[in-house]
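**Student:** Got chain D; can you put chains L and F on it based on the hints?
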Amino acid sequence: MNNLNIVQIGAEALALAVLFATPFLFAALGEVFVQRSGVLNLGVEGMMLMGAFTSIYVVSSKGLGADPVIGLLVAMVVGALLGLAMAVVSVTLQAEQGISGIGFTLFGLGLSTLLFKLLAGGVITARGFQSLYIPGLSDIPYIGKILFQQNVLTYLAFALVPISVWVLNKTTWGLQIRAVGQNPAAADAMGVNVARVRYLTLIFGGMMAGVAGASLSIAALPVFQENMTEGRGFIAVALVYFGGWSPWKVMGGALLFSIANNLQYWAQNYNLQIAGSPIAPNLLLMVPYVLTILVLVFARQRRRQEPAALTKPFTRGEN
Amino acid sequence: MKKRALITILIALFALAVVVNAQAPFRVAIVAPSSVTDLAWTQAMYDALGQVQESMGGEGAMEIAYTEGMFDVTAAAQALRDYAEDGYNLVIAHGTQYGTSLFELAPDYPDTSFAWGTASDTGAGQGLTNVFAYEASAEEGGYINGVMAGLMTESGVVGIVGPVPAGDALLYINGFQQGVHASNPGAQILLAYTGSFGDTAAAAETAQTQIAGGADVLTGSAQQVVGAIDAAQTAGAVWFGTQFDQSGNWAETVVSSQVFDWTATLEDMIAQIQSGTLGGTAYNLTLANGGLTFAYGQVAIPDDVRAAADQAVADVAAGIAYPLGGLPEGQFRVALVAPSSVTDLAWTQSMYSALTEMQQQLGGEGAMEIAYTEGMFDVTAAAQALRDYAEDGYDLVLAHGTQYGTSLFELAPDYPETAFAWGTATDTGADQGLTNVFAYEARAEEGGYINGVVAGLMTESNVIGIVGPVPAGDALLYINGFQQGVAASNPEAQILLAYTGSFGDTAAAAETAQTQIAGGADVLTGSAQQVVGAIDAIQTAGGYWFGTQSDQSANWPDTVVASQVFNWTPVVGSMIESIVSGSVGGTAYELSLSNGGLTFAYGQVEIPEEARAAADQATTDIASGAIVVQQELPE
Amino acid sequence: MNLRISRSDFIIALAPLIAFLLALVAGGGILLVLGKNPIEAYGVMLDGAFGNEASLFRTLTRATPLLIIAVGICIAFRAGVINIGAEGQLFVGAISAAGFSIYAGAQLPPILLVPLTLLVGMIAGALWGAVPGFLKARFDVNEILSTVMMNEIAVQLLLFLLSGPMIDPEQLAQGTRVPQSAQLPEASWLARLAPPSQLHTGLFIGLAAAVVVYLLLWRTTTGFRIRAVGQNRDASRYAGISVPRYLMLGLVLSGALAGLAGAVEVTGITHRVVEGFAVGYGFSGIVVALFGRLHPLGAVPSAFLFGALLVGADKMQRTMQVPSATITVLQGLVVIFVVSSDFWVRRYTARRQARVATNMPITPEVTPATPSEVSA
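Chains D, L and F supply the protein sequences, listed in that same order. Numbering follows our numbering, in which position 29 of the first sequence is assigned residue number 29; successive positions increment by one, without gaps. Numbering follows our numbering, in which position 266 of the second sequence is assigned residue number 266; successive positions increment by one, without gaps. Numbering follows our numbering, in which position 184 of the third sequence is assigned residue number 184; successive positions increment by one, without gaps.
It is possible that some hints are incorrect.
[Said to hold, decoys possible] Below are the SDA-like pairs computed for lysine to any residue, each with C-alpha atoms no more than 25 Å apart in a straight line: (1) Lys249(D) / Tyr270(D); (2) Lys117(D) / Ile70(D); (3) Lys36(F) / Leu119(D); (4) Lys170(D) / Asp188(D); (5) Lys170(D) / Lys249(D); (6) Lys62(D) / Leu34(F); (7) Lys36(F) / Gly393(L); (8) Lys117(D) / Leu168(D); (9) Lys117(D) / Glu357(L); (10) Lys36(F) / Ile370(L); (11) Lys36(F) / Leu291(D); (12) Lys249(D) / Leu168(D); (13) Lys145(D) / Ser131(D); (14) Lys145(D) / Tyr133(D); (15) Lys117(D) / Asp67(D); (16) Lys117(D) / Leu160(D); (17) Lys145(D) / Gly520(L); (18) Lys62(D) / Gln604(L); (19) Lys62(D) / Thr356(L); (20) Lys249(D) / Asp188(D); (21) Lys145(D) / Val161(D); (22) Lys36(F) / Gln331(L); (23) Lys249(D) / Gly121(D); (24) Lys117(D) / Gly393(L); (25) Lys62(D) / Tyr142(D); (26) Lys117(D) / Phe57(F); (27) Lys62(D) / Leu116(F); (28) Lys117(D) / Ile11(F); (29) Lys62(D) / Val628(L); (30) Lys145(D) / Leu255(D); (31) Lys36(F) / Asp392(L); (32) Lys249(D) / Ala260(D); (33) Lys145(D) / Val77(D); (34) Lys62(D) / Asp551(L); (35) Lys117(D) / Asp551(L).
Calculated directly from the structure, the hints in this document are not laboratory data.
If we strip away everything but chain D, and leave its shape as in the complex, we get:
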């Protein structure tokens, strides 16, 4: 019998939660930039799916049999192109952002499935990014398992958190993004090209969504099945609101959600009972969602800094 004690379970759960928080983190960090510049991209889900399919297809033997790094680059390019398209629609043409986002989600879902059917014909697998043990650190009890035995995309995702904070808060770039999101007219008056900034954040956001998809299909589970993200793109957008547009808090949200989600699987695995009776699996499955809402209610954050111009298109001279 191989029974884990509670600490071991905790370590395993955290390690898996970190792994499965990766796609949320990529997508949500990208979305932070997009929203900080005043645009809501609800098309993340579709962009993730396109990234997930194109990357594994390139890597799999049914496709090119390429190195996972190539797959990652392909996912970035595909995501960026979709982000660019979203920018044309929502920035240049000033289309309503919620609806065009849903349009992109439908488009990405449909196209990824169609390509999957035409090119792959059925479920595809590939040898993707493997776990990368950080020498020394990976041997630390528990901590090593949780933090230092992950694949390279997971390290990258978490590394991007402080980088994002730095970019947003300490660089001219970040300043421009925030200005454009807060008060585009003022930014424009100061000589910032509002449209250009929003184009760039949307392209970056699309790229990150593509990488988020790839982090599932060629890292966490090297396999693709149609609609494999199943709403994770929307969760990622929700996490941006959870984190109040702060990368650190977004990371906290992604981890909280993933940890709660992973723990409920453990609760199911070990048939967790309350007052002697087992809990229906579907009720346990609600826990991460309920918890996310509750934490937000009780955390009593400081005033969240919602970008004032979020979802508002900008036309020079109108505002």
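**Tutor:** Just chains L and F now, kept in the frame of chain D:
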């Protein structure tokens, strides 16, 4: 004719006189359309009578009278009446065409037992109690012959010399064509009927035209075929026979013959008569009950052909393969409406692959059209799709999801000619007056049990994980069966069970699997299309996977030990056959281990001898009822 | 009202149509890649949606729930809240209505049963919408986050009820255990309008809802306040309107209509709640509402056209035997192109406004900074 009847009567009287003071022998008379040496239909029965006679102790114990060549139905009726009048214990009317006359005279001789073939109707519906019926599933042996023929043809052209497109000959020819299609989809089939059972010259001529057309393998039915066999021999072609062993004169030409073995049928009839039951049973010769056997000539059969034939025999006997007796006229059109994709490696794919298999068996797209609408999770859209297909005149419309039931029952009455099928379901709507709905379901818990038994014996860590979608339906049955199997083979094993709450969330299935692997599981199973994520996870961890619904080994041959496969092919075949015969619904089908509906597909994982033996034992025990797999787990 | 038809009126009317056609052209490229003739395919599509009485009824059948949802979405968006949660509100409405009808159906006279069943669905949807509404009003929890989460919770709640407490007793008896509820008593079914089509009286409920919501929003004080809050929260606060209250009301009413849509769908079409019930309707409803320019009466043609797109595309998929994903791509393209065409609509609207000097924005923003409108 009269003379012959007279002779018969005289013989009968003489026989009667002989046995009056001896112990009364059992007296059997047969009236047949052709000769008792026809190498075909009549000889098969006559020789069987001879064998039964021998085993009963010779002429003293059993008397056989026959009237052959009775193609004239009126004369045959007179012969039948004569035998009955003479007090024969069993009078055999060895031709379908004698049925009307038989049913007329049978009530007049309530103490005489009659047997009638090819037939399945014992007249019970008309109040008759003294008629047995017998038939042969000639399509089964036809299928086997066809499988071999498809593999043995070098020219890719196969000829069939038929008598008339009816009865036993048609069954055989239909089965043969399906066998050829199944083993060699590219083969061309030349089929011609002579319009007669006895026109040997016409059969020879027909065979020669087919040989001229490139055929190097031929078959045919009825007594006329001797002409065709001869033509085949002359041309150096090979022949497949039916009804009787035809290799005697052409050992170098006849590869194999399907042989109708009626002895068991006759023995059972006689035993019933002697115990006072004079009729009511319908017999059917099949591969499964040993009534259909094969006789081989001296043609060298390649090993792979022999192996394919043996496999086909086993599959047909087990109900895994299903040659249709009646083929649709023209193109048969099937439409499938399903909630997930036809490549989902799960529920929908299991049905779609059965349809494509049946399509190949029937001869490709020309013989059977398959239209499908996948991803129809929206019930309203699905209802519209179902109605469209019915409106478009599809012969069979499959509503491949329980959730479609309400809509289906609503629209089915509008299309009384269209056959609908619905699963997972057991309700054909008969109590609502519906006659055009088939229902189908799978006893997934049975295969779950077998998988569980093997899994219990293959785990080294003694921890087994189950990745479920939603605790309901087919998935729950499978999971419950699996847990019972594990408990039976390895009570020590710990089971980690978690549900993802979704059928299609591949990533959640992967994550769930990884928690179980982290928890020590080295063997996993799961259900629904999402499991691909879980299989990949256990592959990475170096463990084993057990699948269900469809064969999941293709992508992970070194990980997937076994998959329970829902084999809908016989269900689809049976539905088509039923539709062809005019019945467009009313049957509820169930896939189980015993009826061949649940089969197993294996990957390349080596299964320990002990586990395989345990699985075989469990399969036998479930099929025999010695083990009953519960659908629900005890609290 | 300005009754003269100017060039800009034409462009305003034609822009979405041209965009729709362009989307079809783009989709035609995909059809060509799939080896299908796009013209034939679109002919089939058109015929499938409008070709005859039966297809027209189908379009209306599919449009009915979308219309009801969209009308509700209009209220939320007018109040300045983005309700992504129609999906979950619909599920909860459907399952509650079904539960009520199954358990109370025998005790009630049919005349009361149908309205009460629908009412229960509305109340359940309203409550599900009240949660994010309350969280928004009281704790300033962003409604996109809470409604996305509430959707997921509703999905699991539905599965929990269907596989356990509310599972069809027949499914237990047969041992098939498929997750679905028992059938609703026939007395609670909505009448069919044109058998054999599935079109039912829910269509009238939808049309009535559109009119009622229009009157509510533009002819009552409550409606005025809802819109005022949506237009400008700060100004409303200064004007003495309780902003949290109307934010919440927007989500509650929106949820009520989504719940009603669920109740209508279950009493009108499926007669039982099944696994996969009405999946995706909530999102389609949002698209319909936005296509209808967030106006309850605009939702009527919008729902009709979207229903036509769904029905026609399904028909095309079947007839041409293209993968169903093609249809999803096409829908995505249509949504993207049509929503983009608003650009020209806005441009010419602005010109016309400048010309006729009336204040009549066609496209209200979600939380617009545009001047408040005077009339519809």
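**Student:** Are the hints correct? Go through all of them and say.
**Tutor:** The hints, checked one at a time:
1. With a C-alpha separation of about 31 Å, the suggested pair Lys249(D) and Tyr270(D) falls outside the 25 Å cut-off, and the hint is violated.
2. Taken as a hint, the Lys117(D) and Ile70(D) pair is honoured in the structure, with Cα atoms around 22 Å apart against an allowance of 25 Å.
3. Between the alpha carbons of Lys36(F) and Leu119(D) the distance comes to roughly 17 Å, so the proposed pair stays at or under 25 Å and holds.
4. About 20 Å separates the Cα atoms of Lys170(D) and Asp188(D), which keeps this hinted pair within 25 Å; it holds.
5. Taking the CA atoms of Lys170(D) and Lys249(D), the gap is near 18 Å; set against the 25 Å cutoff, the hint holds.
6. Restraint check for Lys62(D) and Leu34(F): satisfied, since their Cα atoms lie roughly 20 Å apart, inside the 25 Å limit.
7. The straight-line distance between the Cα atoms of Lys36(F) and Gly393(L) is roughly 23 Å, inside the 25 Å bound, and the hint therefore holds.
8. A hinted pair counts as satisfied when its Cα atoms are at most 25 Å apart, and Lys117(D) with Leu168(D) does not qualify at roughly 40 Å.
9. The straight-line distance between the Cα atoms of Lys117(D) and Glu357(L) is roughly 20 Å, inside the 25 Å bound, and the hint therefore holds.
10. Using a Cα cut-off of 25 Å, the hinted pair Lys36(F) and Ile370(L) holds, with the two alpha carbons roughly 18 Å apart.
11. Under the criterion of a C-alpha separation no larger than 25 Å, the hint pairing Lys36(F) with Leu291(D) is inconsistent with the structure, at around 49 Å.
12. For the hint linking Lys249(D) to Leu168(D), the alpha-carbon distance of about 14 Å falls within 25 Å, and the restraint holds.
13. Our distance criterion of 25 Å between C-alpha atoms is met by Lys145(D) and Ser131(D), whose separation comes to about 11 Å.
14. Of the pairs offered as hints, the one joining Lys145(D) and Tyr133(D) holds, with about 9 Å between alpha carbons and a cut-off of 25 Å not exceeded.
15. About 23 Å separates the Cα atoms of Lys117(D) and Asp67(D), which keeps this hinted pair within 25 Å; it holds.
16. Note on Lys117(D) and Leu160(D): the hinted pairing is violated, with a Cα-Cα distance of about 34 Å set against a maximum of 25 Å.
17. Distance hint between Lys145(D) and Gly520(L) is fulfilled; the C-alpha atoms sit about 15 Å from each other, no more than 25 Å.
18. The suggested pairing of Lys62(D) with Gln604(L) holds, with an alpha-carbon distance near 21 Å, which does not exceed 25 Å.
19. Taking the CA atoms of Lys62(D) and Thr356(L), the gap is about 23 Å. The hint holds against a cut of 25 Å.
20. At roughly 29 Å between alpha-carbon atoms, Lys249(D) and Asp188(D) are farther apart than 25 Å, so this suggested pair is violated.
21. Proximity of Lys145(D) to Val161(D) is assessed by CA-CA distance (about 21 Å); at most 25 Å being required, the pair is judged to hold.
22. The suggested pairing of Lys36(F) with Gln331(L) holds, with an alpha-carbon distance near 23 Å, which does not exceed 25 Å.
23. Proposed proximity of Lys249(D) and Gly121(D) is contradicted: the alpha carbons are some 41 Å apart, above 25 Å.
24. As the CA atoms of Lys117(D) and Gly393(L) are separated by approximately 28 Å, the hinted pair breaks the 25 Å bound.
25. Distance hint between Lys62(D) and Tyr142(D) is unfulfilled; the C-alpha atoms sit about 38 Å from each other, more than 25 Å.
26. Only pairs whose Cα atoms come within 25 Å are accepted, and Lys117(D) paired with Phe57(F) is rejected, the gap being roughly 32 Å.
27. Among the hinted pairs, Lys62(D) with Leu116(F) is inconsistent with the structure: their alpha-carbon atoms are about 57 Å apart, more than 25 Å.
28. Note on Lys117(D) and Ile11(F): the hinted pairing is violated, with a Cα-Cα distance of about 39 Å set against a maximum of 25 Å.
29. Taken as a hint, the Lys62(D) and Val628(L) pair is broken in the structure, with Cα atoms around 44 Å apart against an allowance of 25 Å.
30. Taking the CA atoms of Lys145(D) and Leu255(D), the gap is near 16 Å; set against the 25 Å cutoff, the hint holds.
31. Under the criterion of a C-alpha separation no larger than 25 Å, the hint pairing Lys36(F) with Asp392(L) is consistent with the structure, at around 20 Å.
32. Distance hint between Lys249(D) and Ala260(D) is fulfilled; the C-alpha atoms sit about 16 Å from each other, no more than 25 Å.
33. Of the pairs offered as hints, the one joining Lys145(D) and Val77(D) is violated, with about 32 Å between alpha carbons and a cut-off of 25 Å exceeded.
34. In summary, the hint linking Lys62(D) to Asp551(L) is supported, as the alpha carbons are separated by about 20 Å, within the 25 Å threshold.
35. For a cut-off of 25 Å, the pair hint linking Lys117(D) to Asp551(L) stands: about 19 Å separates their Cα positions.
Hint compliance for this structure: hints 1, 8, 11, 16, 20, 23, 24, 25, 26, 27, 28, 29 and 33 are not met, and every other hint is.
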